[in-house]
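**Student:** Order-wise, the sequence lines are chains A and B.
FYI, in the numbering used here the residues of the first sequence are 4 to 303.
FYI, in the numbering used here the residues of the second sequence are 4 to 303.
What the hints contain is simulated information worked out from the structure, not anything from laboratory work.
Listed below are several chain A residues computed to face chain B (Cβ distance under 8 angstroms; list not exhaustive):
no., residue
1, 90
2, 91
3, 185
4, 188
5, 209
6, 219
7, 220
8, 221
9, 261
These figures come from a predicted structure and were not determined experimentally.
Cβ atoms here follow ideal geometry from the backbone N, Cα and C, with glycine treated the same way.
Read off the chains here:
Number of protein chains: 2
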Amino acid sequence: MPHILVVGSLAYDDVETPFDRRREVLGGAASYFSMAARMYAPVRLVGVVGEDFAESDLDRLRAREIDLGGVVREPGRSFRWLGRYNYELNTAETINTDLGVFSGWEPRVPDGFRDSEVVFLANIHPEVQLRTLEQIREPRIVALDTMNYWIERERAALLTVMARADIVTVNEAEARQLCGTHSIIRAGREILKLGPRAVAIKRGEYGAVLFTRDRTFWAPAFPLEEVRDPTGAGDAFAGGLVGHLARADKIDDAALCTAVLHGTVCASFAVEDFSVAGIEKAEAEGVARRMRELGALVAI
Amino acid sequence: MPHILVVGSLAYDDVETPFDRRREVLGGAASYFSMAARMYAPVRLVGVVGEDFAESDLDRLRAREIDLGGVVREPGRSFRWLGRYNYELNTAETINTDLGVFSGWEPRVPDGFRDSEVVFLANIHPEVQLRTLEQIREPRIVALDTMNYWIERERAALLTVMARADIVTVNEAEARQLCGTHSIIRAGREILKLGPRAVAIKRGEYGAVLFTRDRTFWAPAFPLEEVRDPTGAGDAFAGGLVGHLARADKIDDAALCTAVLHGTVCASFAVEDFSVAGIEKAEAEGVARRMRELGALVAI
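If we strip away everything but chain A, and leave its shape as in the complex, we get (with noise of 0.2 angstroms):
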């Protein structure tokens, strides 16, 4: 079974939704993603944590089998992030991030970690991204995450890092704004012009679009007849859609379509609770149950 080695924030999170509200909850993409990967192969993860970063949040880690001999505790604060969501419970307004010990940050891979098969580079400076991937000997499966900010204020370095990408994931408003078009159709295809042999764009309630240079795939969301707190949706979608190619060892085209029904599955156990409960519950048997229950929804 191959290695996934992830790259991304820990961090703690003021979530506020129109119907509730959590303080200094544990967040940050690399939680959420390797909550979600390490039910399909074993989760390596490579990030910094403040002095206030909990021991027992490290813990909740640990006793879902993440190794995290990748994370290093450094003098200063955690990364913070406060959102607040409309009644749509769609898109996160941004208040305030505070990136505290991430800034000037300078990630490095321990030596056991450097044989990792599969990584996954969460939303995170695209400098940074890179430098992690160019510490992996032979990485055989590079996944990648980025947001609006990244594409705004460092699009060529992001352009760089998404060229040695396999799978690019981005939700459908950073897809329109990397390629200058409101066509999601079009977007997905001018950014496998980039290099990435894949991109899979984002819809939240809608489910996502998987593009390669042969063929358009469709997924469904699980249908939930409530969202409680959509933060992570996208990285524990990043998780089961990792996890689902480490653990099948290959990239196909039928292999990354079965792999974008795992991202929503999880991205689906991601939101039904606020911060990282929802997906640090979420097992194996109950992945197979929404899976199976996929299927049904498009079956003919």
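Could you slot chain B onto chain A? The hints should help.
**Tutor:** Same frame as chain A, now just chain B:
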């Protein structure tokens, strides 16, 4: 082959998108519906036009073998709609509506139309929908569309006619408004309790979701690189949906799921050009090709 009877508007539209504009073009729910449904089964139209309605526009419908035996011309102006789309080409902003001859119109179904087996009650005053339906001898399949205006102002009448429909089509915003919930999944199930055996919730570029007592079916939209004018997409959707059910002459879950796919395919033709031009040009062969492509889109 059962006959389809549609009652609804024949109109002149002024349409603006951020890219283009058309004035005084053939529109109206019954026009779009008929232009789609005629590919599946014979269509009979019940409606009203004013003195200003060009015979050449009626001829376009006749040229597609739509039976206009139920269309009357009355003194006054034809129904007019002025709508504008934003950059996302998703929801129309209605700038102005002029009911013209539609206000106070009393629908009369010609004797020769009263044996119609399949009925589509297009978006129109729910009392007009009901009074039309009551003139049909033994309708076997009844579908109904509506809009925010009637949900707000004529709720009681709408619920009465809805209870007599087999299939209700609404868009996401209308489903939410009708049921007072943001969740489409919950709204779909709530609408079933109002009487219909199926409800299709239209989601524009995201496709549609069908709810029946026994299943939920997730239909993709046909992926288009360019949308020129979304006007009439919902009515063309209903045309493909009702058309398929008429041709199949059944209304079980399998037929309903396939019908929804025909709906999204017909909608895709409608939005490729202004006015009815896109769906007017569509033919069975093109529909079949897009149906195969839709199937491939969700195939694992």
